[in-house]
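J.: One letter stands for each residue in the lines below.
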Amino acid sequence: MMMKKLFTFGAALALTAGTAMAESHAQTVRMGTEGAYPPYNFLNDAGEVDGYERDVGDELCKRAELSCEWVTNDWDSIIPNLVSGNYDTIIAGMSITDERDEVIDFSEAYFPADPSAFASMSDSFDGTGVIAAQTGTIQASHVASMEGATLIEFATPDETVAAVKNGEADAALADKAFLEPIVAEDAELMFAGDDVVLGDGIGVGVRESDGELKEKLNVAIASMKEDGTLNTLIEKWFEGMKGPY
Amino acid sequence: MTCTDPESLHGIAWLACYLSSGKHMLFYSSFGTVLLLLAITAPVSLAFGFMGAMAARAGFAPLRWLGLAYTSVVRGVPDIVFFLFFVIALDQGIEYLRHEAICPGWTEPVRQGNDFIVCPEAKAPLSTAPQWVHEVYNFMLAVFTFAIVFGAFAANVLIGAMRAVPRAQMETAEAYGMSRRQAFWRILVPQMWTYALPGLSNLWMILIKATPLLFLLGVEDIVYWARELGGSKNPRFSSYPHGDWRIYYFLALLVFYLALTKVSEVGLGRLTRRLSHGQATAAGEAMRKAGA
Numbered sequence: 001m002m003m004k005k006l007f008t009f010g011a012a013l014a015l016t017a018g019t020a021m022a023e024s025h026a027q028t029v030r031m032g033t034e035g036a037y038p039p040y041n042f043l044n045d046a047g048e049v050d051g052y053e054r055d056v057g058d059e060l061c062k063r064a065e066l067s068c069e070w071v072t073n074d075w076d077s078i079i080p081n082l083v084s085g086n087y088d089t090i091i092a093g094m095s096i097t098d099e100r101d102e103v104i105d106f107s108e109a110y111f112p113a114d115p116s117a118f119a120s121m122s123d124s125f126d127g128t129g130v131i132a133a134q135t136g137t138i139q140a141s142h143v144a145s146m147e148g149a150t151l152i153e154f155a156t157p158d159e160t161v162a163a164v165k166n167g168e169a170d171a172a173l174a175d176k177a178f179l180e181p182i183v184a185e186d187a188e189l190m191f192a193g194d195d196v197v198l199g200d201g202i203g204v205g206v207r208e209s210d211g212e213l214k215e216k217l218n219v220a221i222a223s224m225k226e227d228g229t230l231n232t233l234i235e236k237w238f239e240g241m242k243g244p245y
Numbered sequence: 001m002t003c004t005d006p007e008s009l010h011g012i013a014w015l016a017c018y019l020s021s022g023k024h025m026l027f028y029s030s031f032g033t034v035l036l037l038l039a040i041t042a043p044v045s046l047a048f049g050f051m052g053a054m055a056a057r058a059g060f061a062p063l064r065w066l067g068l069a070y071t072s073v074v075r076g077v078p079d080i081v082f083f084l085f086f087v088i089a090l091d092q093g094i095e096y097l098r099h100e101a102i103c104p105g106w107t108e109p110v111r112q113g114n115d116f117i118v119c120p121e122a123k124a125p126l127s128t129a130p131q132w133v134h135e136v137y138n139f140m141l142a143v144f145t146f147a148i149v150f151g152a153f154a155a156n157v158l159i160g161a162m163r164a165v166p167r168a169q170m171e172t173a174e175a176y177g178m179s180r181r182q183a184f185w186r187i188l189v190p191q192m193w194t195y196a197l198p199g200l201s202n203l204w205m206i207l208i209k210a211t212p213l214l215f216l217l218g219v220e221d222i223v224y225w226a227r228e229l230g231g232s233k234n235p236r237f238s239s240y241p242h243g244d245w246r247i248y249y250f251l252a253l254l255v256f257y258l259a260l261t262k263v264s265e266v267g268l269g270r271l272t273r274r275l276s277h278g279q280a281t282a283a284g285e286a287m288r289k290a291g292a
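Chains S and X, in that order, are what the protein sequence lines are. Under the working numbering, residues 1 to 245 are what the first sequence spells out, in order. Under the working numbering, residues 1 to 292 are what the second sequence spells out, in order.
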């Protein structure tokens with residue numbers, strides 16, 4: 001009797017261990033984002049990560065059969081924390097550039113190269129003067145290379161717009177998709193000067209040694225392009241934009 | 001009252017719903033995080049400082065050098081450098097030790113170009129662990145880092161306080177036949193606090209003001225949430241659109257920090273009075289005369 005009890009207990013243990021193994025088989029991927037760049041990524045009223053990239057990321061994880069966990073991190077240290085292994089992807093509106101590609105790898109783009117635009121309080125802005133941009137962005141490097149322009153950098157994109165509003169800067173340069181809702185809601189702000197196209201689109205950043213994850217993400221992104229899911233999501237989050245894929 | 005349709009609300013009702021959104025709840029709980037950090041870090045730093053001071057006074061030379069090196073090196077390094085590099089190094093150090101212990105068969109190098117890679121079982125915490133475990137881990141790293149930095153300053157204060165205890169007290173202890181150890185614990189330590197308190201209370205005030213460094217360590221503190229909540233909100237992405245309200249949030253933080261320092265000042269003042277009682281110091285003498 002005792003023997004039999006022990007035996008069933010052992011079998012039950014083996015069974016639960018088996019299911020636990022199966023569950024942990026789905027790889028956990030920690031998704032790093034900034035949470036301050038609507039409509040790409042932001043924290044909603046409940047304090048959760050929301051936006052275009054949340055939808056894209058969740059769908060990618062479903063298709064690649066990964067279980068995903070969202071993590072927010074300051075933009076400034078978003079790359080060092082990826083290479084140090086605190087999370088496994090950067091999905092934070094990060095444009096693919098050669099400079100970044102030397103340090104990390106990018107998946108295929110899940111968002112096309114979007115024009116960057118200048119938001120200003122005056123329509124006489126001509127591309128010179130003090131221009132605000134977020135630290136460590138393609139826009140900041142672009143302003144630094146512009147003739148007659150002085151760059152002032154801010155830690156968050158929101159602060160670049162605030163600098164224009166309080167007169168500290170003549171204009172702010174950022175992705176047009178980020179500025180568009182702000183300019184639309186604010187009577188004082190307008191787009192000025194010519195738009196510039198920077199970068200090669202937005203991709204998911206992964207560690208250079210993480211080729212397997214990059215491959216999985218590429219397959220999932222390709223399938224989302226093919227069946228139109230990416231277009232639908234772009235049209236959902238970016239008002240007036242046509243899905244290009 | 002329901003908050004399902006904030007657009008239909010006005011005045012106080014709107015504000016009540018706004019201030020009770022999920023994001024605001026996270027903001028309020030971050031005040032708890034800061035207070036908890038202070039409550040844990042202060043005694044741990046004091047312990048580090050005490051050990052540092054004891055080491056710096058030790059008769060055994062290597063231990064004394066260690067204590068002196070700790071207090072002078074850590075005090076000399078800028079806080080922000082410490083918080084940026086030391087924490088990443090500490091985290092990687094922990095993972096490296098776990099890696100060596102758990103995955104001896106792993107052949108790939110830990111450093112591959114820019115990447116730091118240990119076997120998945122050695123990650124601290126495991127990447128499969130729920131988010132709160134990661135947050136607790138980051139918090140513990142923060143406590144440890146704060147304790148090392150502030151412990152070095154506390155050690156220096158305590159060394160000075162130990163020297164300030166009148167030599168005659170120790171001589172008397174020796175005359176009574178106490179050993180070095182007994183004289184240290186029974187005569188020196190109880191009397192040194194009155195000399196240490198002004199320096200330690202200074203450190204406490206600086207520690208309070210240093211808590212915003214938490215965000216560098218990946219812990220979302222009150223300054224992070226104030227910036228996040230105060231930034232302008234667009235009606236397309238929030239049910240509670242508003243302009244740039246950072247000034248109000250930072251004013252609230254100002255009030256919080258001032259209140260905290262005021263409460264501390266009152267508390268420390270009382271402690272000073274208690275500790276001066278019966279001491280051979282000017283304050284102790286004044287209390288004796290007032291009582292007589």
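Rather than coming from a laboratory, the hints here were simulated on the basis of the structure. Built from N, CA and C at the ideal position, the CB exists for glycine as well. Keep in mind that the hints are not guaranteed to be accurate.
[Unchecked claim] Across the chosen pairs, the derived CB separations fall in these ranges:
no. : chain 1 : residue 1 : chain 2 : residue 2 : range
1   : X       : Pro78     : S       : Ser122    : 16 to 26 Å
2   : X       : Gly267    : S       : Asp200    : 51 to 61 Å
3   : X       : Ser127    : S       : Asp227    : 37 to 47 Å
4   : X       : Ile94     : S       : Glu65     : 46 to 56 Å
5   : S       : Glu65     : X       : Glu135    : 24 to 34 Å
6   : S       : Pro115    : X       : Ile208    : 21 to 31 Å
J.: Taking the hints in turn, state whether each one holds.
T.: Hints and how they fare:
1. Between X/Pro78 and S/Ser122, the C-beta spacing of about 41 Å breaks the proposed range 16 to 26 Å.
2. Judged by the Cβ atoms, the range 51 to 61 Å given for X/Gly267 and S/Asp200 holds: they are separated by roughly 58 Å.
3. Range check, X/Ser127 to S/Asp227: about 30 Å between beta-carbon atoms, so the 37 to 47 Å window is missed.
4. Against the hinted window of 46 to 56 Å, the Cβ-Cβ separation of X/Ile94 and S/Glu65 comes to about 30 Å, which falls outside the hint.
5. For S/Glu65 and X/Glu135, the hinted distance range of 24 to 34 Å is satisfied, since their beta carbons lie about 26 Å from each other.
6. The hinted range of 21 to 31 Å is not satisfied by S/Pro115 and X/Ile208, whose Cβ atoms lie roughly 46 Å apart.
Checked against the numbered hints given earlier, the structure breaks hints 1, 3, 4 and 6 and satisfies all the rest.
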